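Participant: The primary structure of each chain is shown beneath.
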Amino acid sequence: MRRSSVVGPLILIVIGAVFLMRNFIPDFRVLDILSDYWPWLLIGWGTLRVVEILNWHRNGQLASRGGMNGGEWALVIFICLFGSGMYAARNANLFRANGINLPSWDILGERFDFAVSGTQTAVGKAPRIVIENARGDTRIMGVDTEEVRVTGTKTIRAMTRDDANKEDKSTAFEIVKAGDQIIIRTNLERASNSRQAHADLEITVPKGATIEARNGKYGDYDIENIDGAIEVNSDNAGVRLNNIGADVRIDLRRSDMVRVVNAKGNVDIKGRGQNVELENIAGVATVSGQYSGEMKFRNLAKPFRFESQNSSLRVERIEGEVELVHGRLTGRRLIGPIQITSKSKDIELSDFTSTLEIDVERGDIQLRPTRLPLSKIYARTRSGKAELILPTGAKLDLKAEVKKGQIENDFGDPFRVREDGRAATLSGTIGGGPEVKIEVDRGDIEIRKWTNEDAPMPPPPPASPVAPKTPLEVTKQ
Amino acid sequence: MNSNSLLLRALRGPLTLILIGILFVIDHNGAISFTKTWPIIIIFLGVVRLGERALLTEHAPPPPNIQGGSL
Amino acid sequence: MEQTGNIQPAYCRICGKALAPEEQQHALGTVYCSEHVPASAPPPNAPPFNSPWTAAPSAPPPMPGPNAPGAPSPGLAFILGLIPGVGAIYNAQYAKGLIHVVIFGSLISIANADSIGDMQPLFGMLCPAWIFYMAFEAYHTARKRAEGLPVEEFSSVIPVRSDGPPVGPAVMIGLGIIFLLNNLGLLRFSQIFRFWPVALIGLGIYLLLERTRSSSSAPEATREQ
Numbered sequence: 001m002r003r004s005s006v007v008g009p010l011i012l013i014v015i016g017a018v019f020l021m022r023n024f025i026p027d028f029r030v031l032d033i034l035s036d037y038w039p040w041l042l043i044g045w046g047t048l049r050v051v052e053i054l055n056w057h058r059n060g061q062l063a064s065r066g067g068m069n070g071g072e073w074a075l076v077i078f079i080c081l082f083g084s085g086m087y088a089a090r091n092a093n094l095f096r097a098n099g100i101n102l103p104s105w106d107i108l109g110e111r112f113d114f115a116v117s118g119t120q121t122a123v124g125k126a127p128r129i130v131i132e133n134a135r136g137d138t139r140i141m142g143v144d145t146e147e148v149r150v151t152g153t154k155t156i157r158a159m160t161r162d163d164a165n166k167e168d169k170s171t172a173f174e175i176v177k178a179g180d181q182i183i184i185r186t187n188l189e190r191a192s193n194s195r196q197a198h199a200d201l202e203i204t205v206p207k208g209a210t211i212e213a214r215n216g217k218y219g220d221y222d223i224e225n226i227d228g229a230i231e232v233n234s235d236n237a238g239v240r241l242n243n244i245g246a247d248v249r250i251d252l253r254r255s256d257m258v259r260v261v262n263a264k265g266n267v268d269i270k271g272r273g274q275n276v277e278l279e280n281i282a283g284v285a286t287v288s289g290q291y292s293g294e295m296k297f298r299n300l301a302k303p304f305r306f307e308s309q310n311s312s313l314r315v316e317r318i319e320g321e322v323e324l325v326h327g328r329l330t331g332r333r334l335i336g337p338i339q340i341t342s343k344s345k346d347i348e349l350s351d352f353t354s355t356l357e358i359d360v361e362r363g364d365i366q367l368r369p370t371r372l373p374l375s376k377i378y379a380r381t382r383s384g385k386a387e388l389i390l391p392t393g394a395k396l397d398l399k400a401e402v403k404k405g406q407i408e409n410d411f412g413d414p415f416r417v418r419e420d421g422r423a424a425t426l427s428g429t430i431g432g433g434p435e436v437k438i439e440v441d442r443g444d445i446e447i448r449k450w451t452n453e454d455a456p457m458p459p460p461p462p463a464s465p466v467a468p469k470t471p472l473e474v475t476k477q
Numbered sequence: 478m479n480s481n482s483l484l485l486r487a488l489r490g491p492l493t494l495i496l497i498g499i500l501f502v503i504d505h506n507g508a509i510s511f512t513k514t515w516p517i518i519i520i521f522l523g524v525v526r527l528g529e530r531a532l533l534t535e536h537a538p539p540p541p542n543i544q545g546g547s548l
Numbered sequence: 549m550e551q552t553g554n555i556q557p558a559y560c561r562i563c564g565k566a567l568a569p570e571e572q573q574h575a576l577g578t579v580y581c582s583e584h585v586p587a588s589a590p591p592p593n594a595p596p597f598n599s600p601w602t603a604a605p606s607a608p609p610p611m612p613g614p615n616a617p618g619a620p621s622p623g624l625a626f627i628l629g630l631i632p633g634v635g636a637i638y639n640a641q642y643a644k645g646l647i648h649v650v651i652f653g654s655l656i657s658i659a660n661a662d663s664i665g666d667m668q669p670l671f672g673m674l675c676p677a678w679i680f681y682m683a684f685e686a687y688h689t690a691r692k693r694a695e696g697l698p699v700e701e702f703s704s705v706i707p708v709r710s711d712g713p714p715v716g717p718a719v720m721i722g723l724g725i726i727f728l729l730n731n732l733g734l735l736r737f738s739q740i741f742r743f744w745p746v747a748l749i750g751l752g753i754y755l756l757l758e759r760t761r762s763s764s765s766a767p768e769a770t771r772e773q
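Residue numbers (the working numbering), protein chains in the order written: chain A, 1 to 477; chain B, 478 to 548; chain C, 549 to 773.
Everything labelled a hint here was simulated from the structure, so no lab data went into it. Just to be clear, a hint being listed does not mean it is correct.
Cross-link-like lysine-lysine pairs, in silico, DSSO-like; alpha carbons within 27 Å at most [unchecked claim]:
#1 A/Lys395 / A/Lys343
#2 A/Lys343 / B/Lys513
#3 A/Lys125 / A/Lys169
#4 A/Lys399 / A/Lys385
#5 A/Lys296 / A/Lys343
#6 A/Lys270 / B/Lys513
DEER-style ranges, computed between Cβ atoms [to be verified]:
#7 C/Thr760 / A/Asp410: 54 to 60 Å
#8 A/Gln309 / C/Asn660: 19 to 25 Å
#9 A/Lys125 / C/Asn660: 32 to 38 Å
#10 C/Leu751 / A/Asp410: 42 to 48 Å
#11 A/Val284 / C/Ile726: 57 to 63 Å
For clarity, every value in this text was computed on a predicted model and none was experimentally measured. Even glycine gets a Cβ: it sits at the ideal position worked out from N, Cα and C.
Just chain A, with the same shape it has in the complex (with noise of 0.2 Å):
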């Protein structure tokens, strides 16, 4: 005889009474706690199921396929769906103050706006503006005055304009001044269902200020022509900086984007994010951390550092640009000594001068110094193919090595291949230059002249093509 299981319909009727419950008691703070507990849900099911087997086993009254049936399963794929996906919208803030990404929990209620303002007078010249828990996208401007003004809007999603009119007075906006810190506070944590409040700033200060945004969850930062040192923190921000005069700090759990432009001070940039963009930067700058989008750095004076889980990038100042595309690094005009290690990247380095180091474990190099004279260069690739492509009048004491794989030399004499089996080896000399060694474990290495189809650089000499025989030669014969 075949038995029903029980927990099935169960479960469902549990997550339906929790959910009912989130309706009628809106303090009770469902989502939350099911984001986080909602395997236990299914560790609960599986349990309770496994005893109900072991039951009917004992009977005697085991049916064939006892077990878990498709809608079951179903109901399974979906709570895991749904489980994570609150779970990652929950811990990750997927929630964005203007764009929410997911469904609102609200099925009823909608927003209300507040006005928010707060002036803090004769600050000085150089106060120290502090911002706490931002929610909501933030502006400051340096200007010529002495004195802090905030100016916004407040968010807040309720049943009613009365119970809005309860969040804001609960959630009131407070500047005040404490010692030598002008602290603003949108106080949006207080609010019932913080995480549907958000409140756009936009502030004043003197342009001498030195800004410090703490503890943000979400929102972006728009800086501009402040003289005083910049520290954001933030859980999930984007930031652009304009303009500023002192050190930039920043850190972030998640970033779709760090842009900073012509900073007098240093740069250090830690964290999570997708794209990065320093440009003008007078300091030092440092990039760490997990970046997953496009990556550009022009003109920095002083020397630069890259780190990331898979590669590293040290160069003393770079007057182009360097790039980091996906799995692909581009740098033109690159003062060294430069040293770039990676897991796995294809480099492209143009016009760079001072010493070289590249270390590749899998990825392609191609380099085209293209000033002369040439520094001491050392590349390496495990698996990969190496490009040199040297510049009329270069010196250089050239050794070129493949473990396995082919050499090419389309640049000609003095370079001679030599090949062993499957491995071969390329050396020369020309004017006793500085030493230049490329290894290649897997893969091939070419060594060439540099033509016009390269990049646009000191004119190389055209080179001449062999005249066909004539047809005068041809009948000498």
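Guided by the hints, dock chains B and C onto chain A, whose structure is given.
Facilitator: Then chains B and C, alone, in the frame of chain A:
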């Protein structure tokens, strides 16, 4: 008797369910993400099937089979 | 169980009950107990209709013969099966349908991801392959249902043997371990892929074993156990 094999077969589903729940609990407590640990589920299913076969052929020749199997 | 003459003790295909020779009901090439033998009438105590939430196995009530009006049409199943999930739903295998959709979506996502780089064509090819797999599986499942065979929720085109080397479970365990090692960073795919010829050799050995095994007569093989 291969009622043991039947028992194991019926238990397969719920045990897998418990395993999935455990993997997600580990994920949520920050240890190792589910996107990394999911192969354990496949290993578990394979082991369970081996167990079923072992129990099945323990005492008697296996029944003739047509088709059946798992996705 | 004792062996009587040259009839082996048999087990009901559905419920696994051990059957003495007189209890065995032979149908469709295999053995059933009297309760579960497929016939035009539904077996006793079966639920009147197939609702997902009763825990009775989700096999639909046995269908009338292949050409009778209410029968599931394998042709229609094939066409519906081209749409992810719908083929399985047509065969009342709801969870399988959902899984089909998830796999389909995942394949497309992976095929579009940047991180796989050079392997994009592989996943791109897997997408149409998966679409056809879904269609054929729906077709075969519908055909089995049309013949009145009960069908498991997760039935598949790939047959599974209970004799000989346990290919299915071994493959599952092997793949699972490979993926796990890769995910944990212990042993990356790239390091393993270098040994792809071993897979070729393994396949050859397996086929060899298979051929030599089947060349000896079948009863002998089963009695070896």
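Participant: Each hint: holds or not?
Facilitator: Evaluation of the provided hints:
no. : hint                            : in the structure
1   : A/Lys395 / A/Lys343             : 31 Å, violated
2   : A/Lys343 / B/Lys513             : 20 Å, holds
3   : A/Lys125 / A/Lys169             : 32 Å, violated
4   : A/Lys399 / A/Lys385             : 16 Å, holds
5   : A/Lys296 / A/Lys343             : 20 Å, holds
6   : A/Lys270 / B/Lys513             : 25 Å, holds
7   : C/Thr760 / A/Asp410: 54 to 60 Å : 57 Å, holds
8   : A/Gln309 / C/Asn660: 19 to 25 Å : 23 Å, holds
9   : A/Lys125 / C/Asn660: 32 to 38 Å : 53 Å, violated
10  : C/Leu751 / A/Asp410: 42 to 48 Å : 44 Å, holds
11  : A/Val284 / C/Ile726: 57 to 63 Å : 44 Å, violated
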